[in-house]
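**Q** One-letter residues, chain by chain:
Number of protein chains: 2
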Amino acid sequence: MTKRALPLSRVYRLLEPGPVVLVTTARGGRANVMAMSWHTMMEFEPPLAGCVVSNRNYTFDILRATRECVLNIPTVELAKQVVGCGNTSGRRVDKLRAFRLTPAPASHVAAPLIVECYANLECRLADTRLVTKYNFFVLEVVKAWIDPSRKDPQTIHHRGMGRFMVAGRTIRLPSKMK
Amino acid sequence: MTKRALPLSRVYRLLEPGPVVLVTTARGGRANVMAMSWHTMMEFEPPLAGCVVSNRNYTFDILRATRECVLNIPTVELAKQVVGCGNTSGRRVDKLRAFRLTPAPASHVAAPLIVECYANLECRLADTRLVTKYNFFVLEVVKAWIDPSRKDPQTIHHRGMGRFMVAGRTIRLPSKMK
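Those protein sequences? They're chains A and B, same order as listed.
With my numbering applied, the first sequence covers 1 to 178.
With my numbering applied, the second sequence covers 1 to 178.
For reference, chain A alone in the conformation it holds in the complex:
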C-alpha cells in the first residue's frame, strides 16, 4: 500500500461530509464487505463514529460477534463496485473477489483494508446500547490510513434509488468551527 497513517484527530474530516463507505468484516478467515451510508461522527478524539447496520445484513452478525470492522472510503471510480456490494449478500457471494476489491491486512483488526479505497479506518465496537432497538453501533476508530496524493477525493454520497451525488469543488470560509 502507498498509504500513510492519518492522525486520529483528523478522522472526522473524512466521515463528516457523509460519503458512502464500504464496511469490511472478517470471521473464520473469510472477509465480507457491505455498502453503508447511515453513519455520523460522535467524538473527535479518540474518534467515535455511530452507524446503522441492518440486522438483515450478513455484516450485522459478524460485527456483533467479532466487534471489529474497517470503514473504507471509496471514490467515484469505484461506484459500480459499491452498487455491486449493495446489490448482493455476503451469505452467497465472496464480494471482495466478485468485485475485484483487493484486501490488505489491517494493523489492529482482523477485517481487511480495501486497497482501492482512498482511506481506511480500523474500528472496534465501543457501545452496543442502541443495537437492539435501532441496529446502531458506536465504533471507535483505532487506526486510520490515507492515500496522501488524494487532496479532494471525489467521494460518492447516496441520494437513494440508484442516485449518487459526486463530491464537487471545495470552498474555504473563515470558520471558527473545528
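All clues given are correct.
All copies of an identical chain are treated as equivalent in the list; a pair is satisfied when it fits inside any one copy or across any two copies.
In silico lysine-lysine, BS3-like type, Cα no more than 30 Å apart, as pairs:
id: 1; residue 1: K151; residue 2: K80
id: 2; residue 1: K143; residue 2: K133
id: 3; residue 1: K176; residue 2: K143
id: 4; residue 1: K80; residue 2: K176
Worth flagging that the hints you see were computed from the coordinates, not collected in a lab.
Keep in mind that this is a model prediction, so the values were computed, not measured.
Here the structure of chain A is known, so what remains is to put chain B in place on it, guided by the hints.
**A** Chain B alone, transformed into the frame defined by chain A:
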C-alpha cells in the same frame, strides 16, 4: 413559502448524503439556530435521525428542554450564513436576525422553519439514552417540507477547518438499495 410537503418515506434521501444542516430551536418565543454536521439517518419510516449537539452549545439545553427542533438544509448560496451561525452563540446573538435568515412557522413544532433553506424537517426528540455520554439525540421527523424546484440542490458538506465540499453532479446506477 413556496414549499410543499415531502412524504416522510423520502426524508432519508435528504439527510443520507451528509449535508450541513441548520438546527432551529425555540424557547419562550425566542428562536435560535446552529450549524451541525454530525447526523445520520437511523430509520426510513417513521424517519428517525440521530445527531450530536455538543453540551457546550446553547441549542443543547433548549433541545433537551423543549424536545423539538427543525433541521433546515441550506445550499451553497447560504454558506456565509452557515459559517456565521457556527462562529457565534445564541446566548449572545439573535442569529436569525443577524444573518438575515427568515423564520416561518412550522406546523408541528414551535421551532421555526428557515425560509431560505431548500428543505425543512420538523422533529421531535425520540430517544435520549445516549445524550449523557455522547450528546447524541435520536429525533423523529414528523413533517417535511421541500422546495420542489430544486432538483439537484448544491448542499454543502463540512470537511473541517473552514473547508466545505459543494455537492457536485448526480450519477445514476442500477442499484437495488433503497
